[in-house]
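> What follows is each chain in one-letter form.
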Amino acid sequence: MEFRELLKQNPFLILDGGMGTTLQKNGLKPGDVPELLNLERPELIASIHQAYVEAGAQVVYTNTFGANTLKLKRTGKTTAEIVSAAVQLAKAAVGDRALVALDIGPLGELLEPMGQLTFERAYDLFTEIAEAGASAGADLAVIETMTDLYETKAALLAVKEKTSLPVLVTMSFEASGRTFTGCTAESMARTLEGLGADAIGVNCSVGPDQMGDILKTICRCTRLPVIAKPNAGMPDPVDGSYSMGPEEFGKLTAEFADLGVTIFGGCCGTTPAFVREIVKSLKGKQPAEREYDRVSFVCTPVTPLRIEGVRVIGERINPTGKKRFQQALLENDLDYILELGVQQEDAGASILDVNAGYPGVDEVEMLPKVVKKLQSTLSIPLQLDSSNPAALEAGLRVYNGKPAVNSVNGNAEVMARILPLIRKYGAAVVGLTLDSSGIPQTAEGRVEIAKRILDTARGYGVADEDLWIDCLTLTVSAQQEQAAETLKAVRTVHEELGLQIVLGVSNISFGLPNRGLITQNFLIQAMHCGLTLPIINPNQTEMMDAVAAFRVLSGEDVGSNAFIERFADVPKQKAVPVPGGKEELTLELAVMRGLQGDAGRIAKELIQTEEPLALVENYLIPALDKVGDDYEKGVLFLPQLLSAAQAAQSVFEVIRTALAESGAEPVKRGRLAIATVQGDIHDIGKNIVRTVLENYGYEVIDLGRDVPPEVVVQTVEEEELRLVGLSALMTTTLPAMEETIRLLKKLPNPPMVMVGGAVVTPEYAEHMRADFYAKDAKESAEIVKKVLG
Amino acid sequence: MQVDLAEALRYLGAGQADEEFLKTVRRVASELEQAAQPKWRYRVAKVEHTERGELAAGLCLTGNMAKTMLAECNQAALLICTLGAPFETLLRRKQARSMAEAAILDACGNAFVEVGCDEAEKEIAARLPGMYLTDRFSPGYGDLPLSIQPEFCAALDAQRQLGITVTESLLMVPTKTVTAVIGVSDKPQMARIRGCDFCQRRENCTFRKGGRTCGVS
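Protein chains in written order, with this note's numbering: chain A, 5 to 793; chain B, 841 to 1057.
Honestly, I wouldn't trust all of these hints.
Between beta-carbon pairs, the in silico distance windows are [unchecked claim]: (1) A:F571 - B:A857: 45 to 51 angstroms; (2) A:P752 - B:C900: 23 to 29 angstroms; (3) B:E873 - A:R78: 38 to 44 angstroms; (4) B:S987 - A:K779: 25 to 31 angstroms.
Derived from the structure by calculation, the hints contain no laboratory data.
Bear in mind that the values here come from a model prediction, so they are computed numbers and not experimental data.
Ideal Cβ placement from N, Cα and C applies to all residues, glycine included.
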């Protein structure tokens, strides 16, 4: 019988129990590869499967939890070999008494940004497992014990795209309700349902006594069948035994039926006796009715965002009309884009609109890069903004969580291109109320288009709560009567269709003086008509103030707590007291004291009269030198040196912006590349060096961490560099540093190499034929000055 | 648990802290305490003294340090303690906002994971009444090789239990993670590896140059 059929015909479905802990009881040692037993002791594995079936399991998991190319590397066996053997032996063992599920566990290395594994590589590794399992005849696939939603997505996409197997997904949560990587149960449930899992749930990490709340959340946040596969309590550290017996386990686990769980099994520490007890305890029970919590929702793993009131979408990540942003896109300066994201998140945006399209930029390549960069640091969800379906798909693939997409419109062809992507990746989507004949001039016309988009979206299986309608803001100075039409359309779509409303608000005031006032008023009126998702610049305080006030008046801000907190410390202390009283705050002083805001402000004044380079030479460098000396003498701590560097950075940003506006070349005092060597992922030391060097005005090509020697060499050749900085933190990665230097020195015109990092000594630097040893960031700046001037 | 601020400052170098700076360190430390707390797992195993090295829980602890430290022990606790993924996330967020505060956070993280190890050690001592513990010692220090890290983590089921993985170059991820061995004996154990005489950094130590010590004894 097929899995989906089995699920339909049975009120409850029984899975098997622990495999790994059972193998340990049979002599498996820590460090042994359990999957080899499929080849070496197939009869042992078969007998475990059979015992579970006899205990009542309707599905057994193959012994392939760690069967992936990363973990099998040292065994000399391929993934395909092990997976095929495991599936075949399981099928032979259970016959038609149970279904065989291809078991897929975590890869054993962490994905970016935490680890070194890319999303794409993870997808390829999971593809190997899925294809081998499907062709060996597995009935379904299970992705289990996952703690990273991103890795889970890679696995789920691989199974869905490369096989036609039904797929169950369970993640492992701590009693706190989050996974080790911070993923919440709500983010997990809604993301995985969107991506097309057949059933979802929880396995491992805790016993059934600690799993109830997590399962309750999942049951509320999905329409899919829910799985519970807990451990037999917690292991005792002194004697290694699990704390719970079969009877207690079976009773507690079966109680989850009352929450609406319908698929049950056991994980670490459980045996056939535990499965038997589940079956016994489920007798006479019926699955509980579940109530699905229908809500408009987007998320990252750590931030589930329920749209139950006004939520601000930040508009700043968009090159339109912004020279500095365009330059960043053309130069691949992702740090600048991240900076804009950080500012908006800190200013209170709930979602960020992300637009990376600009002539001369390959958007299909750029959008996923920007998404990854932003998600490495920000915790709020993103709205991918593009009219290019290929770029959207590339962005949707690598997005971690449930994103929104901006946008479709009433044009049938556009919907036919974009809506299948929305369905496949489980995103929310903005529908613009325009079509091939343009923007209707009446509210009625726009509502008509909204209805058309809604009907079409439903046809593609997109839920109503995932369709957000944009009634379009027109400029009031050009088409004055349109402001009222927009507001009317907002009200009608909100009241009659019950959909979320998006509006790019700022357009309204274009061409008028005191734009902020007009925009703020329009925003307030639109929120009053039902606008829930204004796209605005969250750095504009008056807009965020209006939103804060609206939340009080709408009752969302209960007790006005957030409002009170927002305005509690106004006015903030702004003046900086200067010791000695009358001393004037100069640029040097502002930099030396790490006063970022003041340094930027004074620089803005000075740049009116001084050359950019003079600003660097006459003010910045002397100030940084003085701070460096004090650090050297042990007067200052490292963070104080870095504060000064950051203040200098704000001066550089002033210079860069001024130059971008005038179209002139940026100030560059010379270029070098820096890298944390291959195998090493501790990069804070390298980042500190970069901060300091950039603020001396050097252009630093930051190759990142875990950089293969060939990449360093290639960059040196392509960029014709004269200096390279290498960092290593571990004794185990020193050989990679040595190898990088060896390759660099073989170049016809070898660059100078400076090295540093916790384990590097001057002696070892010399042994590796490095030209310089830098004991800290300060010394690296001196070396760079010596070499590049 | 709270960050040991004095310890964190030691990691930041030998500067002279003014009130403003201390305030920042305290704020960053409290952000860390909110975001992440040390978590640990340990396992107490029998020790077998062999020619190859000291065997415990399927691990072979080679070298003189393990031999000396465990000479009078018939059991050892294998400990792993981590600040987990939330620390990494916070550090990335900080680096995007302020490298100065990121450096402070990094130092606080080092100090905090040690606080976790101290707590774990107390817990182990409480579980083994009447026994004496040796100093903690870790792979990568002295002559206990880093190469046992993957097996060490496997012995503690660290990936499932705490979400810790080991890279090919033997780094543990999340990065603020410490593995350690603590010998368990029925005889009182003397301090053997703490203090400048045992420290790898003694030659380059800024504190020693200034005639001071970092205070770890």
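> Does the structure break any of the earlier hints, and which numbers would those be?
1, 2
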